[in-house]
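Respectively, the protein sequence lines represent chains A and B.
Following my numbering, the numbering of the first sequence begins with 1 at its first residue and continues without gaps.
Following my numbering, the numbering of the second sequence begins with 1 at its first residue and continues without gaps.
The set of hints was computed from the structure by calculation and includes no laboratory data.
Note that this is a predicted model, so its numbers are computed, not measured.
Certain hints may be false.
Unchecked claim - Under the rule of at most 20 Å between Cα atoms (straight-line distance), these lysine to any residue pairs were calculated in the SDA-like manner:
| # | chain 1 | residue 1 | chain 2 | residue 2 |
| --- | --- | --- | --- | --- |
| 1 | A | K159 | B | F116 |
| 2 | B | K113 | A | A217 |
| 3 | A | K216 | B | G167 |
| 4 | B | K131 | B | D177 |
| 5 | A | K212 | A | S193 |
Stated by the list, open to error - Chain B is faced by these chain A residues, among others (derived, beta-carbon under 8 Å):
| # | residue |
| --- | --- |
| 6 | R5 |
| 7 | E43 |
| 8 | E68 |
| 9 | F74 |
| 10 | M75 |
| 11 | P76 |
| 12 | F93 |
| 13 | S94 |
| 14 | G121 |
| 15 | S124 |
| 16 | S196 |
| 17 | P198 |
| 18 | A217 |
| 19 | S220 |
For glycine and all other residues, C-beta sits at the position ideal for the given N, C-alpha and C.
Here is how the chains run, residue by residue.
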Amino acid sequence: MLRHRVIPCLLLQDDGLVKTLRFENPKYVGDPINAIRIFNEKEVDELLVLDIQASKSKREPNYDLIEEFAGECFMPLAYGGGIASVHQARRLFSIGVEKVAIQTGALANLDLVNDIAVRYGNQSVVVALDIKKNLLGRYKLYSSATGKALDRDWLELIKLAIDAGAGEILINAVDRDGTLSGMDLSLIENVASVCSIPLIAAGGVGSLADIKAAVKAGASAVACGAFFVYQGPHRAVLITYPKYDELTALLR
Amino acid sequence: MSIIIVDYGMGNIASVGNMVRKVGGCAKVSGKRGEVMAASKLILPGVGAFDHGVNQLQALGLFSAVQEIAARGVSILGICLGMQLLSKRSEEGNLGGLALIDAEFKRFLFDNKSSFRIPHVGWNHITVVKKNPLIPNEEGEQRFYFTHSYHAVCRYEEDILAKTEYGYPFTSAYCRDNIFGVQFHPEKSHRFGMALIKNFLEL
Numbered sequence: 001m002l003r004h005r006v007i008p009c010l011l012l013q014d015d016g017l018v019k020t021l022r023f024e025n026p027k028y029v030g031d032p033i034n035a036i037r038i039f040n041e042k043e044v045d046e047l048l049v050l051d052i053q054a055s056k057s058k059r060e061p062n063y064d065l066i067e068e069f070a071g072e073c074f075m076p077l078a079y080g081g082g083i084a085s086v087h088q089a090r091r092l093f094s095i096g097v098e099k100v101a102i103q104t105g106a107l108a109n110l111d112l113v114n115d116i117a118v119r120y121g122n123q124s125v126v127v128a129l130d131i132k133k134n135l136l137g138r139y140k141l142y143s144s145a146t147g148k149a150l151d152r153d154w155l156e157l158i159k160l161a162i163d164a165g166a167g168e169i170l171i172n173a174v175d176r177d178g179t180l181s182g183m184d185l186s187l188i189e190n191v192a193s194v195c196s197i198p199l200i201a202a203g204g205v206g207s208l209a210d211i212k213a214a215v216k217a218g219a220s221a222v223a224c225g226a227f228f229v230y231q232g233p234h235r236a237v238l239i240t241y242p243k244y245d246e247l248t249a250l251l252r
Numbered sequence: 001m002s003i004i005i006v007d008y009g010m011g012n013i014a015s016v017g018n019m020v021r022k023v024g025g026c027a028k029v030s031g032k033r034g035e036v037m038a039a040s041k042l043i044l045p046g047v048g049a050f051d052h053g054v055n056q057l058q059a060l061g062l063f064s065a066v067q068e069i070a071a072r073g074v075s076i077l078g079i080c081l082g083m084q085l086l087s088k089r090s091e092e093g094n095l096g097g098l099a100l101i102d103a104e105f106k107r108f109l110f111d112n113k114s115s116f117r118i119p120h121v122g123w124n125h126i127t128v129v130k131k132n133p134l135i136p137n138e139e140g141e142q143r144f145y146f147t148h149s150y151h152a153v154c155r156y157e158e159d160i161l162a163k164t165e166y167g168y169p170f171t172s173a174y175c176r177d178n179i180f181g182v183q184f185h186p187e188k189s190h191r192f193g194m195a196l197i198k199n200f201l202e203l
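Pulled out of the complex, with its shape left as it was, chain A reads as follows (with noise of 0.2 Å):
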């Protein structure tokens, strides 16, 4: 049986390691090599890596720091942040990065997330959106390099990111990004409906039970932030990944 995948998402800035609080207010949790070594020794599913300032300033991947990642990572890892081309894809590739995220390339146009499939695979591309809720309480699709609300049909955008040979949709719910509050569990639900390909949900886990609800609720995978960085009512932090057995029992 497969198994559902638990992910470690992990944020650089400064290539230092960083957790956010509803895609704010960055705060240093660490070295980013060793955070990975560590993920590495606990024999994490798979891990995500998302450069969050290099679409705002519209800098490439810093790729000598992203192989050196690769050089310790023995399960895959998918890499987002500032790529805008395939060749930029093709670097990524060479250097041992399984797949890649894209999400300001992909909303300007689809075409990149084709020209990456048809040469290197669909499994090698995840188009990555940001959920947010506007005022009213409607899921709107954010932009993270702009922080901006987009007026788009989002999921319309997800059928067309599919079509154009996505190989993972990664959904991140703005607002619950950072708070160990539960995942929203309707915005997964509504994105399940429409998803043909594999669904990782991220944003708001902050227990194991969290982890089973967003299964429930139709995610293929679940990436988790704060939940594995933070320790405590303080936040202190500290790296942890359920063991192996403990998963399989949680989401069997």
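Given the coordinates of chain A, assemble chain B onto it according to the supplied hints.
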């Protein structure tokens, strides 16, 4: 002794090299026909489309090189697309594969109401179905990372090394004599993959 990881422009080569180093081996990444012809062992990795892979091998003069060293008895390990290229054909493409294993690849087929999504991505178990040197100890858990939409269908049952369940049981590894193919990614499968790669290097 020269262990060659074939670089034919099809994706993630670095991970395989990292894993070989991790288990204490030494491999050279090469896309040169001469070096492939002189390999004592060959790892054929790769992700992407079947026909593109065939074309890339042919353009580099590697298609016939791999077939020739296979005939000489050199051990070959195909991973993911590399496994698929060892077969005769795939539904994904129109070109012929290396035909070192009598198998073809079919796309996962589920009905619309099925909860099984394609591609098959994530960690899954394998069940070893015959004695083999890659995974000699079939007892205990064997889990690996998969990411693929097509799976092998072997003409000869005896070529099947391992099976995995995704909607239905499919062939997740095959071997015949010196030719081995695994659909999953040992280079991305923690200690399970390390053991497999180590066993291949020690063949």
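Verification of the supplied hints:
1. With a C-alpha separation of about 17 Å, the suggested pairing of A/K159 with B/F116 holds against the 20 Å cut-off.
2. Simply put, B/K113 and A/A217 have alpha-carbon atoms about 16 Å apart, close enough for the 20 Å limit, and the pair holds.
3. Restraint check for A/K216 and B/G167: satisfied, since their Cα atoms lie roughly 18 Å apart, inside the 20 Å limit.
4. For the proposed pair B/K131 and B/D177, the alpha carbon gap of about 12 Å is at most 20 Å, so the pair holds.
5. Between the alpha carbons of A/K212 and A/S193 the distance comes to roughly 18 Å, so the proposed pair stays at or under 20 Å and holds.
6. The interface hint given for A/R5 is met, as the beta carbon of that residue sits about 5 Å from the closest beta carbon of chain B, less than 8 Å.
7. Among the interface hints, the one on A/E43 holds; its C-beta lies about 5 Å from the nearest C-beta in chain B, closer than the 8 Å criterion.
8. With its C-beta approaching chain B no nearer than about 11 Å, A/E68 sits outside the 8 Å limit, and its interface hint is violated.
9. The beta carbon of A/F74 comes within 5 Å of a beta carbon in chain B, closer than 8 Å, and the hint placing it at the interface holds.
10. Look at A/M75: its Cβ gets to within about 6 Å of chain B, closer than 8 Å, so that hint holds up.
11. Checking A/P76 against chain B by beta carbon gives a least distance of about 5 Å; that is within 8 Å, so the hint holds.
12. Hint on A/F93 holds. Least Cβ distance to chain B is approximately 5 Å, under the 8 Å limit.
13. Using the Cβ-Cβ criterion of 8 Å, the hint placing A/S94 at the interface with chain B is satisfied: the shortest such distance is roughly 6 Å.
14. Taking 8 Å as the C-beta contact cut-off toward chain B, the hint placing A/G121 at the interface holds, the least distance being around 4 Å.
15. Proximity of A/S124 to chain B holds as hinted, the smallest CB-CB distance being about 6 Å (cut-off 8 Å).
16. With its C-beta approaching chain B no nearer than about 6 Å, A/S196 sits inside the 8 Å limit, and its interface hint holds.
17. Here the hint on A/P198 is kept, as its CB sits about 5 Å from the closest CB of chain B, short of 8 Å.
18. Look at A/A217: its Cβ only gets to about 13 Å from chain B, farther than 8 Å, so that hint breaks.
19. Hint on A/S220 holds. Least Cβ distance to chain B is approximately 6 Å, under the 8 Å limit.
When the structure is compared with the earlier hints, violations turn up for hints 8 and 18 and for no others.
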